[in-house]
Amino acid sequence: MKIKLSSNSPSETIKIGEKIGRNLNKGDIIGLTGKLGAGKTTIIQGITHGLGVESKQYVRSPSFVLIHQYEGRLPIYHMDLYRLKGKEITELGYEEYIFGNGVCIIEWAEKIDGFLRKEWLHINLEYLPEDNKRKITLEGKGKYEKVIGRFKIRLSKKESN
Amino acid sequence: MLILGIETSCDETSASIVKDGTIIVSNIITSQDKIHAPFGGVVPELASREQLESIGWVVKEALNKANTKFSGIDAIAVTYGPGLAGSLLIGVEFAKTLSYSLSIPLIGINHIHAHLYANFLGQHNIEFPYIGLVISGGHTSLFYVEDFMTYSFLGQTRDDACGEAFDKGAQILNLGYPGGPLIDRISKKGNLSAIKFPRAHLENKFDFSFSGLKTSLLRYVEKKGKISKKELPDIAASFQEAIVDVLVKKAILAAEYKKTDTIVVGGGVSANSRIRGKLEEEGKKKNLKIHFPNELKLCTDNGAMVAGLGYWMLKEGKTSSLDLDIQPNIF
Chain A
1 MKIKLSSNSP SETIKIGEKI GRNLNKGDII GLTGKLGAGK TTIIQGITHG
51 LGVESKQYVR SPSFVLIHQY EGRLPIYHMD LYRLKGKEIT ELGYEEYIFG
101 NGVCIIEWAE KIDGFLRKEW LHINLEYLPE DNKRKITLEG KGKYEKVIGR
151 FKIRLSKKES N
Chain E
1 MLILGIETSC DETSASIVKD GTIIVSNIIT SQDKIHAPFG GVVPELASRE
51 QLESIGWVVK EALNKANTKF SGIDAIAVTY GPGLAGSLLI GVEFAKTLSY
101 SLSIPLIGIN HIHAHLYANF LGQHNIEFPY IGLVISGGHT SLFYVEDFMT
151 YSFLGQTRDD ACGEAFDKGA QILNLGYPGG PLIDRISKKG NLSAIKFPRA
201 HLENKFDFSF SGLKTSLLRY VEKKGKISKK ELPDIAASFQ EAIVDVLVKK
251 AILAAEYKKT DTIVVGGGVS ANSRIRGKLE EEGKKKNLKI HFPNELKLCT
301 DNGAMVAGLG YWMLKEGKTS SLDLDIQPNI F
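Same order as they appear, the protein sequences are chains A and E. Take 1 as the starting number for the first sequence in this note's numbering and just add one per residue. Take 1 as the starting number for the second sequence in this note's numbering and just add one per residue.
It is worth saying that the hints were derived from the structure and are not from the lab. It is possible that part of the hints are untrue.
Straight line, CA to CA, 30 Å or less: simulated DSS-like cross-link-like pairs of lysine-lysine [said to hold, decoys possible]:
| # | chain 1 | residue 1 | chain 2 | residue 2 |
| --- | --- | --- | --- | --- |
| 1 | A | LYS146 | A | LYS135 |
| 2 | E | LYS223 | A | LYS111 |
| 3 | A | LYS133 | E | LYS188 |
| 4 | E | LYS318 | E | LYS284 |
| 5 | A | LYS35 | E | LYS224 |
| 6 | A | LYS111 | E | LYS224 |
| 7 | E | LYS229 | A | LYS56 |
| 8 | A | LYS35 | E | LYS226 |
| 9 | E | LYS224 | A | LYS133 |
| 10 | A | LYS133 | E | LYS205 |
| 11 | A | LYS135 | E | LYS223 |
| 12 | A | LYS56 | E | LYS259 |
| 13 | A | LYS35 | E | LYS196 |
| 14 | E | LYS205 | A | LYS15 |
| 15 | E | LYS223 | A | LYS35 |
| 16 | A | LYS56 | E | LYS249 |
| 17 | A | LYS35 | E | LYS229 |
| 18 | E | LYS223 | A | LYS15 |
| 19 | E | LYS230 | A | LYS35 |
| 20 | A | LYS135 | E | LYS224 |
| 21 | A | LYS35 | E | LYS188 |
| 22 | A | LYS135 | E | LYS196 |
| 23 | E | LYS226 | A | LYS135 |
| 24 | A | LYS133 | E | LYS259 |
| 25 | A | LYS111 | E | LYS226 |
Computed footprint of chain E on chain A, listed as stretches where at least three residues anywhere in the stretch have a Cβ under 8 Å from a Cβ of chain E [what the hints assert, rightly or not]:
| # | stretch |
| --- | --- |
| 26 | 19 to 27 |
| 27 | 52 to 61 |
| 28 | 97 to 103 |
Predicted model only: the values in this text are computed from it and were never measured. All residues carry an ideal CB built from backbone N, CA and C; glycine is no exception.
Use the sequences and the hints to build the structure in full.
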């Protein structure tokens with residue numbers, strides 16, 4: 001099941017992220033895909049706010065340091081696989097985060113698609129020719145099919161308000 | 001007094017012996033670039049595995065180069081954060097074990113503060129208070145520093161670190177890895193005002209943002225289609241200038257705001273020739289004293305900066321107990 005959304009600005013992208021964040025539970029895995037500059041870190045800023053991380057806490061790109069951890073109503077592990085290549089990624093020690101007690105948010109998730117056992121909430125971001133416009137697609141894989149169903153109802157409710 | 005400094009916060013394993021806080025007796029750094037090259041960067045588990053294999057001989061080599069033994073060391077300083085948890089643990093546990101078995105003091109060191117301290121190694125003319133600017137792949141932060149122990153946080157990046165912007169910019173321009181030195185080199189042949197890339201203005205005037213700049217470069221390159229060899233240096237130089245411009249302006253603004261005449265820069269990006277040139281030039285106009293680490297080896301992660309800062313902390317009695325824990329997220 002897929003939900004297609006569009007955003008006209010970084011602040012709209014953050015708002016969409018906040019709605020997603022409010023609906024997440026312990027153990028959830030969110031994988032983000034999209035090119036450099038598509039808005040992955042931006043939507044994650046919204047997701048973490050939705051999870052209760054204060055907005056004064058900066059949610060920064062972990063491309064270099066690979067993992068940032070935040071405390072919201074759940075522990076949040078913000079990972080970034082930008083620098084990683086090849087199947088060696090699956091040999092890395094990500095299990096303790098991915099199968100841990102918090103919410104795991106992974107940028108460049110296409111690199112560990114297989115490793116996630118096809119069960120994740122997939123957020124794809126694409127930029128459109130207009131400068132700040134983005135196409136955002138949410139797709140629930142595996143058990144997240146149901147989660148997406150719930151989002152669909154909630155998002156449409158929120159949007160019609 | 002000889003202090004052994006251990007630094008394992010990211011992809012480098014380093015150990016150093018520093019005498020009286022300022023004289024580097026030895027400084028061993030195993031650059032793991034070769035090991036990481038196939039991945040295009042730092043791999044956390046690999047970094048910590050590699051560090052586990054390296055730490056023993058790196059410390060031994062630091063002692064050998066210093067013509068001393070464990071019995072000649074007065075204290076051990078170690079980075080406890082920020083950084084990768086697995087990597088930090090190896091340094092901290094190693095240091096704790098040594099401290100216990102040798103019955104000498106242990107001093108936990110903040111990696112960011114140590115980067116600023118790198119300036120005091122081999123230089124004796126830096127006066128407090130100063131504005132500290134830490135710029136690297138993982139950090140872009142401004143501090144007001146009153147002494148070796150007292151750091152007030154002024155601002156930091158809200159998204160990408162400046163070193164990351166260099167790295168991603170180089171990727172967009174197909175220059176390769178590591179991006180910082182490559183952009184620096186090619187920019188020397190380019191016109192830095194050829195293209196007007198954006199500079200971010202934020203509510204907190206000491207915060208930074210480089211994510212929009214990255215997107216702007218991407219848009220520019222996409223619109224152009226193919227970049228000619230002739231044009232590449234101009235694009236790189238203009239992109240670099242957008243980063244450097246903001247760093248320089250905000251560091252000077254912070255110095256004026258805090259009414260201090262000294263700026264101290266640390267971290268890997270402080271090796272960049274344009275930031276050095278421009279901050280010196282602009283600082284001169286405002287009668288500011290600008291300091292960068294003496295050598296490249298002191299810009300990037302190293303044990304000497306840890307040992308050096310450890311000396312002053314020890315003098316102030318700021319030692320750590322054996323339950324010193326890693327703090328991957330502090331700043």
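Here is how each hint holds up against the structure:
{"no.": "1", "hint": "A:LYS146 to A:LYS135", "in the structure": "22 Å, holds"}
{"no.": "2", "hint": "E:LYS223 to A:LYS111", "in the structure": "28 Å, holds"}
{"no.": "3", "hint": "A:LYS133 to E:LYS188", "in the structure": "35 Å, violated"}
{"no.": "4", "hint": "E:LYS318 to E:LYS284", "in the structure": "36 Å, violated"}
{"no.": "5", "hint": "A:LYS35 to E:LYS224", "in the structure": "18 Å, holds"}
{"no.": "6", "hint": "A:LYS111 to E:LYS224", "in the structure": "29 Å, holds"}
{"no.": "7", "hint": "E:LYS229 to A:LYS56", "in the structure": "43 Å, violated"}
{"no.": "8", "hint": "A:LYS35 to E:LYS226", "in the structure": "18 Å, holds"}
{"no.": "9", "hint": "E:LYS224 to A:LYS133", "in the structure": "20 Å, holds"}
{"no.": "10", "hint": "A:LYS133 to E:LYS205", "in the structure": "27 Å, holds"}
{"no.": "11", "hint": "A:LYS135 to E:LYS223", "in the structure": "19 Å, holds"}
{"no.": "12", "hint": "A:LYS56 to E:LYS259", "in the structure": "26 Å, holds"}
{"no.": "13", "hint": "A:LYS35 to E:LYS196", "in the structure": "23 Å, holds"}
{"no.": "14", "hint": "E:LYS205 to A:LYS15", "in the structure": "24 Å, holds"}
{"no.": "15", "hint": "E:LYS223 to A:LYS35", "in the structure": "16 Å, holds"}
{"no.": "16", "hint": "A:LYS56 to E:LYS249", "in the structure": "23 Å, holds"}
{"no.": "17", "hint": "A:LYS35 to E:LYS229", "in the structure": "24 Å, holds"}
{"no.": "18", "hint": "E:LYS223 to A:LYS15", "in the structure": "29 Å, holds"}
{"no.": "19", "hint": "E:LYS230 to A:LYS35", "in the structure": "26 Å, holds"}
{"no.": "20", "hint": "A:LYS135 to E:LYS224", "in the structure": "23 Å, holds"}
{"no.": "21", "hint": "A:LYS35 to E:LYS188", "in the structure": "29 Å, holds"}
{"no.": "22", "hint": "A:LYS135 to E:LYS196", "in the structure": "27 Å, holds"}
{"no.": "23", "hint": "E:LYS226 to A:LYS135", "in the structure": "25 Å, holds"}
{"no.": "24", "hint": "A:LYS133 to E:LYS259", "in the structure": "43 Å, violated"}
{"no.": "25", "hint": "A:LYS111 to E:LYS226", "in the structure": "27 Å, holds"}
{"no.": "26", "hint": "19 to 27", "in the structure": "violated (count 0)"}
{"no.": "27", "hint": "52 to 61", "in the structure": "holds (count 3)"}
{"no.": "28", "hint": "97 to 103", "in the structure": "violated (count 0)"}
In this structure, the hints that do not hold are numbers 3, 4, 7, 24, 26, 28, in rising order.
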